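Chemist: Take a look at the letters that make up each chain.
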Amino acid sequence: MLKTVLNSKICLGLFFLVFLTSCRGALRIDRTRDFNAKKIRIEKMVSLDPDFELLVTSGQRSTQRKYKRATAKEIQLNNTLYRNAQKNGIQVEMIDTKRLEPKDTPYFRDLAPLKREILQVSFLQDFISKKGRTFDKHTFNRHETGPVIASHFSHLAKQYDTPFFAIQGVTSHRKPVKGKLIWLITVPPLGVVSFFSPEVDTYYYTIIANVETAEIVYREIRRVDAPASDTNLNAVIYDSFKIISR
Amino acid sequence: MSIKNAFFVVLFYEKQANKILDSTKTQIPRITLKLKPSSLQQYCYKHLIVSILMLIILPLYSAAQLNTSYTPIEAKGTIPERFFQGMKGTTEIKIIVEDERIRKKQSKDFKTTTRFTLQEIFLSGSIYYNDPCTQYVRQVANQLLQHLPESPDISVFVSRFVTSNAAVWQDGTLILNIGLLAQLENEAQLAFVLAHEIGHHQSGHPFRQYVRTQKLSNIQKRALDNLKANVAYTKKSEEEADAFALDLLAKAGYDTEAVSQTLDLLVHGRHDSPENLLARLSPTVVVCNEMERQTLFNTGENTKSHFTPTMIRQRQEQLSGSLSGQSFLVSEEDFVHINNIARFELIENAYREADYVLSLLHALLLQEFYPANTYLTDKIAENLFQLYLYEQRGQLKSLLNLNLENDIRLKGYHQISCSLRKMDEPALRQLTENYLQQQYQVHQESSGTIAIIMAKYMELVYGQKKARPYFENYLEHFKGGKHYWYAKNRFE
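Keeping their order, the protein sequence lines are chains L and V. Its first residue numbered 3, the first sequence is counted upward by one per residue in my numbering. Its first residue numbered 367, the second sequence is counted upward by one per residue in my numbering.
Calculated directly from the structure, the hints in this document are not laboratory data. Values in this document were obtained by computation on a predicted structure and should not be read as measured data. Any given hint could be a false lead.
Unchecked claim - Simulated restraints, written as ranges between beta carbons of each label pair: (1) I223/L to E799/V: 57 to 63 Å; (2) S231/L to F735/V: 56 to 62 Å; (3) Q830/V to R101/L: 40 to 46 Å; (4) P792/V to F142/L: 50 to 56 Å; (5) L121/L to R578/V: 28 to 34 Å; (6) R101/L to Q807/V: 45 to 51 Å; (7) R30/L to D790/V: 28 to 34 Å; (8) D241/L to P518/V: 50 to 56 Å.
Said to hold, decoys possible - Straight line, CA to CA, 30 Å or less: simulated DSBU-like cross-link-like pairs of lysine-lysine: (9) K474/V to K100/L; (10) K132/L to K177/L; (11) K160/L to K831/V; (12) K132/L to K832/V; (13) K160/L to K777/V; (14) K177/L to K474/V; (15) K763/V to K777/V; (16) K46/L to K788/V; (17) K132/L to K831/V; (18) K46/L to K474/V; (19) K132/L to K763/V; (20) K788/V to K132/L; (21) K460/V to K68/L; (22) K442/V to K474/V; (23) K474/V to K68/L; (24) K832/V to K46/L; (25) K160/L to K617/V; (26) K100/L to K848/V; (27) K100/L to K442/V; (28) K70/L to K474/V.
Each residue gets a CB set at the ideal place from its N, CA and C atoms; glycine is no exception.
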């Protein structure tokens with residue numbers, strides 16, 4: 003009887019520890035004060051070639067298999083983005099480079115330079131708050147101004163019927179797995195936890211630029227300590243669009 | 367152009383096209399024209415009219431145009447098939463150096479990585495197509511390829527990257543950066559750069575380099591990413607490619623002195639200025655002396671690079687003997703024109719890559735030759751505004767530090783960068799404002815760029831209220847301009 007109770011308690015304890023490991027993650031959102039203000043309502047946005055990247059490390063499994071998997075996951079990501087945007091009342095126009103045709107010169111003339119500009123500016127500039135601080139430690143940050151992009155993309159707002167252009171994507175990579183055995187020997191309960199914890203980090207990011215105000219208005223990054231499964235991504239993307247559509 | 371003249375031009379290009387096709391031994395069918403002298407339209411075969419426009423009319427028109435303005439090259443026309451090949455792998459990647467010790471998996475991984483990397487590059491929008499630079503560089507490449515016993519399947523492209531470099535992949539894709547094309551002095555030097563890369567391809571260096579990186583990464587336990595496999599070649603590989611290039615240059619009839627000249631250019635750069643060009647815009651600009659410049663910038667040799675003076679000297683010594691040949695085989699006139707276009711494109715692309723110092727330096731240097739060119743005036747204004755914008759956001763120093771990682775060795779670059787570091791916010795504001803006010807008085811109704819930059823500057827420094835008349839000016843004079851909807855948004 004005692005054995006059964008002990009066993010069940012151990013099982014319960016292990017289950018609890020495993021449950022805890024699945025709850026880890028992080029979120030950070032920066033947006034301008036005008037974004038989500040009542041006067042702005044995002045009804046449509048253009049998603050510039052959503053990217054799914056499985057960071058490949060050398061000496062591991064077949065590179066070809068990883069690239070194939072990344073391509074398959076990218077199609078899955080596009081569908082998930084489209085579905086969740088619709089659920090939140092946002093129309094998303096997907097620009098997929100895998101489906102480009104010889105006549106699609108506007109992509110290379112306008113959209114590829116815009117994508118590059120948004121990524122570059124997002125890397126080089128920060129959001130600026132009223133007090134002059136560029137970084138707030140809160141998870142949801144509201145700033146006075148966002149990073150400034152070139153204004154010569156403003157004509158795209160009329161061409162695509164929306165001023166909002168987004169860069170979205172997922173990056174998934176393996177975490178270093180050092181010291182598991184040491185943990186197991188020195189602190190057995192924590193060592194057990196480390197064996198159950200997932201070895202993959204998944205990052206989901208969104209950057210939205212308003213080409214009419216020539217500004218990046220929204221930027222978010224989410225980390226999930228789990229592989230990029232359909233269920234995980236679906237939940238994360240739904241939540242992301244929910245915040246954008248507010 | 368009369369119908370008779372058009373007839374001869376078409377015939378001339380038919381001969382030229384077939385000559386190139388014969389020399390490259392490709393599977394493309396011969397071009398035959400069915401001439402029916404009833405109308406000009408029937409003479410002008412679809413592809414040849416494009417060639418005529420690109421090779422004759424456009425260069426002449428553009429050459430005259432460079433004195434007054436310049437329009438940067440934009441993507442136009444049908445996108446080449448190469449851009450869509452992606453991971454399908456329609457191009458055969460031959461592993462030339464097969465080492466028995468190398469597992470099969472490695473060559474398979476190498477092919478996948480090559481295709482993936484190229485797919486990323488082609489779809490990034492960094493490669494030119496249907497442009498005069500690529501057309502010209504391909505002509506020079508064909509001059510070389512016809513002298514190889516088994517003509518390799520090399521496809522030449524020009525990229526928007528501003529660093530002085532070129533690269534080849536094992537599938538035969540050769541990419542020449544616009545930054546390097548702008549630095550070259552003659553056709554023979556361009557031929558050397560291309561021959562050197564062909565040498566890497568013919569000797570199978572990309573695969574050897576990949577295997578080397580793989581070994582390195584195994585030691586470092588997944589520290590390196592596969593995509594970064596195409597880093598610098600070994601010294602031995604560089605010397606092999608140099609020797610191959612020297613041989614090919616001699617066979618093609620180019621002046622082999624170009625080898626030494628090009629290697630020198632890679633160290634010192636062709637377009638440089640010892641003086642601080644920023645001081646031309648305003649006498650109040652803080653100028654750094656040589657000591658300050660050297661203290662700020664580590665001018666010592668980077669031991670990992672193959673372009674250090676010592677390494678270059680060693681490479682030059684390895685190449686003994688020089689044969690007299692020609693500096694130009696295709697056309698001197700075309701080279702000068704393409705080189706000028708490349709210099710303008712370098713200004714544009716450095717600006718797009720947020721290397722405002724490099725863009726400003728080349729705009730100021732080129733202004734000596736084209737003082738009335740409005741594009742250069744616009745670009746100087748745009749670069750000054752961007753530098754001030756970063757200064758105002760407190761991010762100028764980090765931007766300048768970041769751009770220095772590009773390993774730019776030009777003295778003029780270091781001078782401007784050093785001055786900007788020493789200038790405080792009011793000094794940079796004064797410099798920017800003076801230049802903008804000066805240009806705005808002259809070009810407020812003729813240059814959309816000056817008009818919008820002035821409006822942006824006024825908003826940034828003095829607020830929305832003071833900027834309103836400037837936005838109004840843009841809306842009034844540049845209806846339908848690229849910044850129109852931005853200006854309208856700010857105005858309202």
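Chemist: Now tell me, hint by hint, if it's right for this structure.
Modeler: Evaluation of the provided hints:
Range check, I223/L to E799/V: about 38 Å between beta-carbon atoms, so the 57 to 63 Å window is missed. For the pair S231/L and F735/V, the supplied restraint of 56 to 62 Å holds, since their beta-carbon distance comes to about 60 Å. Roughly 42 Å separates the CB atoms of Q830/V and R101/L, a value that falls within the hinted 40 to 46 Å. The beta-carbon spacing between P792/V and F142/L, approximately 36 Å, falls outside the hinted interval of 50 to 56 Å.
Taken as a hint, the range 28 to 34 Å holds for the pair L121/L and R578/V, whose Cβ atoms sit roughly 31 Å apart. Between R101/L and Q807/V the C-beta distance comes to about 49 Å, which sits within the given range of 45 to 51 Å. The hinted range of 28 to 34 Å is satisfied by R30/L and D790/V, whose Cβ atoms lie roughly 33 Å apart. Between D241/L and P518/V the beta carbons are some 53 Å apart, a value that agrees with the proposed interval 50 to 56 Å.
At roughly 22 Å between alpha-carbon atoms, K474/V and K100/L fall within 30 Å of each other, so this suggested pair holds. As the CA atoms of K132/L and K177/L are separated by approximately 37 Å, the hinted pair breaks the 30 Å bound. About 26 Å separates the Cα atoms of K160/L and K831/V, which keeps this hinted pair within 30 Å; it holds. Proximity of K132/L to K832/V is assessed by CA-CA distance (about 21 Å); at most 30 Å being required, the pair is judged to hold.
For the hint pairing K160/L with K777/V, the CA-to-CA distance comes to about 45 Å; that exceeds 30 Å, so the pair is violated. Distance hint between K177/L and K474/V is fulfilled; the C-alpha atoms sit about 26 Å from each other, no more than 30 Å. Between K763/V and K777/V the CA atoms are separated by roughly 19 Å; this keeps the pair inside 30 Å, and the hint holds. Proposed proximity of K46/L and K788/V is contradicted: the alpha carbons are some 46 Å apart, above 30 Å.
Pair hint K132/L plus K831/V holds up; C-alpha atoms about 19 Å apart against a cutoff of 30 Å. Restraint check for K46/L and K474/V: not satisfied, since their Cα atoms lie roughly 43 Å apart, outside the 30 Å limit. Restraint check: the Cα-Cα separation between K132/L and K763/V comes to about 21 Å, which is no more than 30 Å; the hinted pair holds. Proximity of K788/V to K132/L is assessed by CA-CA distance (about 27 Å); at most 30 Å being required, the pair is judged to hold.
The hinted pair formed by K460/V and K68/L meets the criterion: a straight-line CA distance of about 22 Å does not exceed 30 Å. Of the pairs offered as hints, the one joining K442/V and K474/V is violated, with about 35 Å between alpha carbons and a cut-off of 30 Å exceeded. Restraint check for K474/V and K68/L: the C-alpha separation of about 13 Å stays at or below 30 Å, so the hint holds. Using a Cα cut-off of 30 Å, the hinted pair K832/V and K46/L is violated, with the two alpha carbons roughly 33 Å apart.
The suggested pairing of K160/L with K617/V is violated, with an alpha-carbon distance near 56 Å, which exceeds 30 Å. For a cut-off of 30 Å, the pair hint linking K100/L to K848/V stands: about 28 Å separates their Cα positions. Distance hint between K100/L and K442/V is fulfilled; the C-alpha atoms sit about 19 Å from each other, no more than 30 Å. For the given pair, K70/L sits about 13 Å from K474/V by alpha-carbon distance, which is consistent with the 30 Å threshold.
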